[in-house]
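Start from the sequences and build out the full structure, keeping to the hints where you can.
If you're matching them up, the sequences are chains A and B in order. Each step along the first sequence adds one to the number in numbering that gives the first Met the number 0, with nothing skipped, and position 23 is 22. Each step along the second sequence adds one to the number in numbering that gives the first Met the number 0, with nothing skipped, and position 468 is 467.
In short, the hints are calculated from the structure, not lab data. Hints should not be assumed to be uniformly reliable.
[Said to hold, decoys possible] Per label pair, the in silico range of CB-to-CB distance: (1) B:P368 to A:V18: 18 to 26 Å; (2) B:G158 to A:T73: 42 to 50 Å; (3) B:E58 to A:E14: 48 to 56 Å; (4) B:A464 to A:E46: 40 to 48 Å; (5) B:G185 to A:V18: 17 to 25 Å; (6) B:G158 to A:V18: 25 to 33 Å; (7) B:H474 to A:G5: 55 to 63 Å; (8) B:L360 to A:V18: 48 to 56 Å; (9) A:R64 to B:H474: 45 to 53 Å; (10) A:K41 to B:V116: 53 to 61 Å; (11) A:V51 to B:G266: 48 to 56 Å.
[What the hints assert, rightly or not] If you only want the chain A side, here are some residues facing chain B, beta carbon under 7 Å, derived: (12) E14; (13) T16; (14) P75; (15) P76.
[What the hints assert, rightly or not] Chain A residues, not near chain B, derived (Cβ > 10 Å throughout): (16) E6; (17) D10; (18) A13; (19) F47; (20) V51; (21) I61; (22) R64; (23) V82; (24) R84; (25) C86.
All figures in this text were calculated on a predicted structure; none of them were measured in a lab. Positions of the beta carbon are idealized from the N, C-alpha and C atoms, including for glycine.
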Amino acid sequence: MMKLSGETLRDPTAETTSVKRARTSPPKSLEGLCVGLFGIGKTRTPEFLDQVEKRLAERGLITKRFAKPTNAKTCPPEIMEQVVRECDVVLVGLSD
Amino acid sequence: MLPATGFVIFAKRDCPTCTLIEPVLRKLCAADPATCFISQDDPQFPEGVSAVLDDRELEQSFRHNIEFVPTLIRLENGREVDRTYGWDVREWRRITGLADLGNGLPEFQPGCGSLSVAPGAAENLQVRYGETGLKSRKIELGEWDDPIEACFERGWSDGLPVVPPTDVRIVRMLAGTKRKPDEIIGRIPPFLPECTVEKVAISAVMAGCKPEYMPLVLAVVETALVPLFSLHGILATTSFGGPIVIVNGPIAKKLGMNWGFNVLGQGNRANNTIGRALQLLVRNFGGGRPGEVDRAALGSPGKITFCFAEDETDPSWEPYHVSLGFRRDQSTVTLFQGHGVETFNDDKSRTPEQLAHSFGLGLRTIGHPRLQKAQAVIVLSPEHYAIFRDGGWGRKQITEALHKYSTRPGRDIVAGTDGIPLGIDPSRADEMVPKFAPDGLLIVRAGGPAGLFSGVLPGWGSKPAEVGPVTREVHE
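Here it is, written out as structure tokens:
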């Protein structure tokens, strides 16, 4: 029988391994927390987040809006850092 | 066993010069019994000589960098101090000190190529006996593993078989570029690891590239990493497209690229593997996989590969790269964020004005008739171009006319008309609204000689300041 292989290949990947971190437990209540509403730049994202903001405001919750400049590119790190600094939980609006 | 001091002769029976000088070899053996004969193909050659080293594995030939046989080497204290190759009676007599060596033979006869430099041998021998310098992790397959299936199982495939990236193939691929394997060429989205020339070569191997494609593959990758191109965005989008690679200049012909029949289709190795090398790099090295960071709802066959060359054979046509200020003799690569191929069919127009008007009408619908600020590559077929050319039109007139005839009255595309919410604000009803962004039409001439149709490759971007095509020179 012909021997198929025993060959040695080289790894085409970046040879990295993701660090698995435990998820932060969701807060039991949003009372007193700042809820970040993050727009990713899609056409109808503001419309969606407006509705969410309105509903949260009706419940007396604090919200803060964030957005990345364009849906075509990744979020600049400084905006990500601002989100982390200024709010406790964040909702990302992906809606088309 | 090689003598520390003495003579070593590399030869093969299949070489007429080696067989011609067989008497010489026997004489050398008699004069210096320590003389070592190394036979590349037959350990019984030369006949009548006992000290023949079997080098059918070509290890000694590789280690002594033998390019031709016969090669005569003189060693002193383990070091090479003299060498000649082929049969040159004066040289052989000088090196051996045997004044009557080769009496009766012609004075000169060239040798043959060493088996160690036969096509394909050099890289194999380098991997087996030398240093490859490769840094990527080794993956040892089981004895009965099928390498192609092993690549599938590891998730390294775009759905089609890939060429298994063995050391020999990678070393051969790296020989296609002067750039060092450890040179970092940029960070590949989406996870942005630093990518070396070696990793690009691995991707090129897997895609099926030839080594001579490497300068172009490297240029494609570097162009894709220019921020304006937004490689992460085109990967992550829910929309259809991916990178479309357009090649201009002499390198297209040199690599045998297709700009003619079926230019956007199957059949040409360079076209199809160069585009695939970029996609496999993003998938395997960058980590961009469908359903993960690649969020495309439908995708497009062009996301496996989409690469072609412009037809620059008609001197009346200004090639795309020349329109950007490059010279005709410069090679360039252009990357465009594009979807699949839409068709424009018109076999009735006979004048430039008719055809441009008709084409403009066709272009109004790409994406959606009410969308604007569009970008698109127009693949202008030779027969359609001939109508423009014969009417005295060139790139500039065609581009202007297509903008003109794809511009439409705002009232036709107002949101809410016919009960369709999509459209422009009603306040713009009296405006004339262009379909395309000002630089949004990129015209490339390509295709088979017959057929009154052209191709339209709609673009992904509708924000030209943020996303647009990028062109870079290819350095060989």
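Okay, the hints, checked on the actual structure:
1. B:P368 to A:V18: 18 to 26 Å: With a Cβ separation near 48 Å, P368 (chain B) and V18 (chain A) fall outside 18 to 26 Å, so the hint is violated.
2. B:G158 to A:T73: 42 to 50 Å: violated (27 Å)
3. B:E58 to A:E14: 48 to 56 Å: violated (31 Å)
4. B:A464 to A:E46: 40 to 48 Å: Because 24 Å falls outside the window, the suggested range is violated.
5. B:G185 to A:V18: 17 to 25 Å: Because 23 Å falls inside the window, the suggested range holds.
6. B:G158 to A:V18: 25 to 33 Å: Check passed, 30 Å falls within 25 to 33 Å.
7. B:H474 to A:G5: 55 to 63 Å: At roughly 39 Å between Cβ atoms, G5 (chain A) and H474 (chain B) fall outside 55 to 63 Å, so the hint is violated.
8. B:L360 to A:V18: 48 to 56 Å: holds (55 Å)
9. A:R64 to B:H474: 45 to 53 Å: Taking Cβ atoms as reference, R64 (chain A) and H474 (chain B) lie about 46 Å apart, which means the hint holds.
10. A:K41 to B:V116: 53 to 61 Å: holds (59 Å)
11. A:V51 to B:G266: 48 to 56 Å: Between V51 (chain A) and G266 (chain B), where Cβ atoms are some 52 Å apart, the hint holds.
12. E14: holds (5 Å)
13. T16: violated (11 Å)
14. P75: violated (12 Å)
15. P76: violated (12 Å)
16. E6: Contrary to the label, E6 (chain A) does not stay out of reach of chain B, its closest Cβ about 5 Å off (not over 10 Å).
17. D10: violated (4 Å)
18. A13: violated (3 Å)
19. F47: The claim holds: F47 (chain A) sits with its nearest Cβ about 15 Å from chain B, beyond 10 Å.
20. V51: holds (21 Å)
21. I61: holds (31 Å)
22. R64: holds (21 Å)
23. V82: holds (19 Å)
24. R84: holds (23 Å)
25. C86: holds (24 Å)
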